[in-house]
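Chemist: Whole structure, please, built from the sequences with the hints as guidance.
For reference, the chains in residue letters:
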Amino acid sequence: MVEPTVDRRWVVRGLLGVTLGAAMFGYLRPVLGQRRAPHPRPRTLGPLPERSLYRLDASFRSDSGRPFALRELRGKFQVLALIFTRCPSVCPTLVHELLALERAMPAEVSQATGFTLVSIDPSHDTPEALHAYRKKLALDAEHWSLLRGEPEAVRDLSALLGFSYSDTDGMPLAHSKLVTVLDRDGVVIHQQASVGADPDKLVDTILRAL
Amino acid sequence: MGTAKRRARWAMLGVLGALALSGASRPRQVAAHAQEPEPPALRATAVLADAERPPSDAPLGVNQAPQLSIPSGEFLPFYRGKDGSKPVRVEAFRIDARPVTREAFLRFVTDHPRWRRSRIGRLFSEPSYLGDWAGDLELGRAAAGDAVTAVAWFAAKAYCASIGERLPSTVEWERALKVIGPTFTATNGSSASANVAASLWEWTRDFNFLPLADGDVNDSAANLFCGAGARATDASDYGAFLRYSFRSSLKADFALKNLGFRCAVDGT
Chain X
1 MVEPTVDRRW VVRGLLGVTL GAAMFGYLRP VLGQRRAPHP RPRTLGPLPE
51 RSLYRLDASF RSDSGRPFAL RELRGKFQVL ALIFTRCPSV CPTLVHELLA
101 LERAMPAEVS QATGFTLVSI DPSHDTPEAL HAYRKKLALD AEHWSLLRGE
151 PEAVRDLSAL LGFSYSDTDG MPLAHSKLVT VLDRDGVVIH QQASVGADPD
201 KLVDTILRAL
Chain Y
1001 MGTAKRRARW AMLGVLGALA LSGASRPRQV AAHAQEPEPP ALRATAVLAD
1051 AERPPSDAPL GVNQAPQLSI PSGEFLPFYR GKDGSKPVRV EAFRIDARPV
1101 TREAFLRFVT DHPRWRRSRI GRLFSEPSYL GDWAGDLELG RAAAGDAVTA
1151 VAWFAAKAYC ASIGERLPST VEWERALKVI GPTFTATNGS SASANVAASL
1201 WEWTRDFNFL PLADGDVNDS AANLFCGAGA RATDASDYGA FLRYSFRSSL
1251 KADFALKNLG FRCAVDGT
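Line order of the protein sequences matches chains X and Y. With the working numbering applied, the first sequence corresponds to residues 1 to 210, in that order. With the working numbering applied, the second sequence corresponds to residues 1001 to 1268, in that order.
Hints in this document: simulated from the structure, not taken from any laboratory. A hint or two may mislead.
Some residues of chain Y that are not near chain X, with every Cβ distance over 12 Å (derived) [unchecked claim]:
| # | residue |
| --- | --- |
| 1 | ALA1092 |
| 2 | GLU1103 |
| 3 | SER1128 |
| 4 | GLY1181 |
| 5 | THR1183 |
| 6 | ARG1205 |
| 7 | TYR1238 |
| 8 | VAL1265 |
Covered, in the sense of this in silico footprint (three residues per stretch, anywhere, with C-beta under 8 Å from a C-beta of chain Y), are these stretches of chain X [stated by the list, open to error]:
| # | segment |
| --- | --- |
| 9 | 46-55 |
| 10 | 151-164 |
Every residue gets a Cβ at the ideal spot worked out from N, C-alpha and C, and that includes glycine.
Modeler: The structure is reproduced here in structure tokens:
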């Protein structure tokens, strides 16, 4: 009579163990799966949301010289800033702040985020000039898009962002340090007056929206 | 060996239970997939995008209203740059003698459905767009010849483009007022003096023009506004101060009851 009792106890323990293990496996699988592929492909691209900036019909070129449609930025969060490469002091600070921001980002944020710099000085910032700027600041091709637009396209984009600048002939260029965060579909989810004002806020915004 | 068999049976049950349990988390993922847009939506986007592209057709010949010729010349902007006041050269241009009317704008939205009240979309205008109209193609009670208002910037721009023209730049608009004098804004249907540019404000191409011209710029709108007076080239020009302040407070999607526009074109 003793032997079967011991046997049954082991069976029950085994069963419990397997069941628990299975349950844990079942619950953890999504997490484990994510670790294997931390950044699943963005969802299938549906229609652009009504407020998506990517609905703007404006022509840009990348610093490699090819035509670039804003909707190509779709799929990743974008930290967007308007710059010009001969900017005396504001822009280098801005871009360096963005670089520092990128380095400080947790891996899951930085892999889901791109940086887009649009020149407000299209007469000077040719694709070649922007490409030289990319090299000078070592902005990697995977994360950084440098765009040159026709004056009209830049005016349209800046108007949508609420970004002010002057491009009147004979007056020096001037502009604000406004930084904008776009979600994966190009909808503005955050803006702040400058990166330096609150770098954590930029990262938190993306982290919360991931 | 009976016990071994029994053990095997229990183990099998355990494995089955495990499989059943681990499967329990699957429905959640299925649900997540179900929420994703279906592939047909992708095709719909492409169609939508084409239909919504701003019109690029040739001038329609509408709104051949009288225009004023403004000769080329120098203009001293209201704001001085870092190096003090420098006049800006303004090339010759023509500008509508009066703001675009409701009637003319109705013709425009009739021909360009994309800019109708129900179609413009929240990226380009707030909901008050053409708010005093009775419908997409119905003007409502106000006179057809009155200036069209509650028009967002992109729609104003598209209107001018549709007749082969453009919005005037801020400097052009201000120079026109200086050259023509009070009558420039007198036709706005208001008795207010030209100095304050009447009770009707108007869009300019570069309404988001930044009056500060040194590389390092203060960020806040308050700084912009309060600093404005101190940078005026002519501090007594209160009207100009108001206009610049008002313009810099605008956002492109604003559709305000007292904000209209007129078009301009290069040349004489």
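Chemist: Find the hints from earlier in the document that the structure breaks and name them by number, from lowest to highest.
Modeler: 6
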